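Sequences and hints are given; from them, build the entire structure.
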Amino acid sequence: MKHFIIVIVLSFFNFYLCSMNVTKVNTFIELIKNNPKELSEVKDLLLLEKVDAQDSNGKTMLFYAASDFLLDGGELDEYKTTLVKLLLDAGANPNLRDNNRDTPLHRAALHTMVGQDKADMVQMLLKAGADANSKNSLQLTPLHVVFSGAHPPLSVLEALLHYGADANAQDEVGNTPLHYAVRAGFSTKIHGLMKILLEKGNGNPFIKNKRGETVFDVSNKADNTQITQLLKNYTQENREGARKAWSRLLGYVTHTSEGYATSGLPLPESIKTIIAGYTLPARQK
Numbered sequence: 001m002k003h004f005i006i007v008i009v010l011s012f013f014n015f016y017l018c019s020m021n022v023t024k025v026n027t028f029i030e031l032i033k034n035n036p037k038e039l040s041e042v043k044d045l046l047l048l049e050k051v052d053a054q055d056s057n058g059k060t061m062l063f064y065a066a067s068d069f070l071l072d073g074g075e076l077d078e079y080k081t082t083l084v085k086l087l088l089d090a091g092a093n094p095n096l097r098d099n100n101r102d103t104p105l106h107r108a109a110l111h112t113m114v115g116q117d118k119a120d121m122v123q124m125l126l127k128a129g130a131d132a133n134s135k136n137s138l139q140l141t142p143l144h145v146v147f148s149g150a151h152p153p154l155s156v157l158e159a160l161l162h163y164g165a166d167a168n169a170q171d172e173v174g175n176t177p178l179h180y181a182v183r184a185g186f187s188t189k190i191h192g193l194m195k196i197l198l199e200k201g202n203g204n205p206f207i208k209n210k211r212g213e214t215v216f217d218v219s220n221k222a223d224n225t226q227i228t229q230l231l232k233n234y235t236q237e238n239r240e241g242a243r244k245a246w247s248r249l250l251g252y253v254t255h256t257s258e259g260y261a262t263s264g265l266p267l268p269e270s271i272k273t274i275i276a277g278y279t280l281p282a283r284q285k
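230 is the number that this note's numbering gives to position 230 of the sequence shown; each next residue is one higher, with no gaps.
Hints listed in this document are in silico derivations from the structure and should not be mistaken for laboratory results.
Note that the structure is a prediction, hence the values are computed from the model and not measured.
Do not rely on the hints blindly, as some may be mistaken.
Calculated cross-link-like contacts (lysine-lysine; reagent style DSS-like; alpha-carbon spacing at most 27 Å) [to be verified]:
hint : residue 1 : residue 2
1    : K189      : K50
2    : K208      : K135
3    : K195      : K127
4    : K200      : K189
5    : K221      : K189
6    : K208      : K232
7    : K195      : K221
8    : K221      : K208
9    : K208      : K127
10   : K232      : K195
11   : K200      : K135
12   : K200      : K210
Each pair of labels, with its calculated beta carbon distance range [said to hold, decoys possible]:
hint : residue 1 : residue 2 : range
13   : K85       : T225      : 42 to 48 Å
14   : T225      : L96       : 51 to 57 Å
15   : L154      : G129      : 22 to 28 Å
16   : Q236      : V173      : 24 to 30 Å
17   : K232      : G91       : 16 to 22 Å
18   : Q229      : N93       : 43 to 49 Å
19   : S155      : D52       : 26 to 32 Å
20   : D89       : G58       : 21 to 27 Å
21   : K200      : K50       : 37 to 43 Å
The beta-carbon is built from N, C-alpha and C at its ideal position, and this holds for glycine as well.
Right under this line is the structure:
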């Protein structure tokens, strides 16, 4: 319980200090002390407050509750997630930004930097309307933040992609989450997560950053042969898939053209456009 009281003080100190009412702080902590398993009174107290009030750094109570500091992997984590839920239930806005343009979702994603899988917290924020593609002052999205660490959890990645996170978003220097993933180095886990970014997230390995580097370039420079091979396999499969799709389309256009020729009717402009611009993708050896 000591740890929880510490995070309560740190999480809510700025907000309550702004109101210059220390009694509110004491009341809140006493409720936690006396009712560690029953938080309904805490929720009632929150409903009386301006849950979206921001301190001098632009941070709200939700921002502090979702932050990654003072993690110990035990009781503290459990209560921080509970606090996030209580605040969201009380109407906290998950998209308010601090002075660095971070949102609570950016901060929740930082849990992954220290190996914490906080998919439950991330899910809560996303379900409450948190923007999966919000960018901070460095143009980082939560997906960039997840891949800033060496051990991004699968559950958090899937949650972000499910809510529309853009795997091709670029930060201020043009790097995508795939660039970040490659820099994390090779591991079986990173390999699997990159496949998800490519396949479920439609990640584009040919996007260049401001230094003109694609994900291929970054992987080759790092002599990361496993990742380079993964990228080659993915692009070859997609190129072959595109070739087959074009072949099917050509068959349809040919059949349709013959039908129009037999009937004496003019070809629709859409069919003319396809025929004029058609080029079969080259088959890779």
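Does the hinted range 24 to 30 Å hold for Q236 and V173 at CB?
-> 29 Å, holds
For the range 42 to 48 Å, tell me whether the beta carbons of K85 and T225 fit it or not.
-> 44 Å, holds
Hinted pair K208 and K127, Cα distance within 27 Å | At roughly 32 Å apart (the allowed maximum being 27 Å), K127 and K208 break the hint.
Please work out if K200 and K210 have their alpha carbons no farther apart than 27 Å.
-> It holds: about 26 Å lies between the C-alpha atoms, which stays within 27 Å.
Quickly compare the C-alpha distance for K200 and K189 to 27 Å and report which way the hint goes.
-> Status holds; Cα separation ~16 Å.
Take a quick look at whether K221 and K208 sit within 27 Å of each other, Cα to Cα.
-> 15 Å, holds
Taken at face value, is the distance from the CA of K50 to the CA of K189 at most 27 Å?
-> 42 Å, violated
CB of K200 to CB of K50, is that within 37 to 43 Å?
-> Between K200 and K50, where Cβ atoms are some 39 Å apart, the hint holds.
Does the alpha-carbon distance linking K232 and K195 stay inside the 27 Å limit?
-> 12 Å, holds
Cβ distance range 16 to 22 Å for K232 and G91, holds or violated = Hint violated: Cβ distance 49 Å, outside 16 to 22 Å.
Taken at face value, is the distance from the CA of K135 to the CA of K200 at most 27 Å?
-> 21 Å, holds
Given the hint of 43 to 49 Å, check if Q229 and N93 actually sit that far apart at their C-beta atoms.
-> About 45 Å separates the Cβ atoms of Q229 and N93, which means 43 to 49 Å holds.
Of the numbered hints listed earlier, those contradicted by the structure are 1, 9, 14 and 17.
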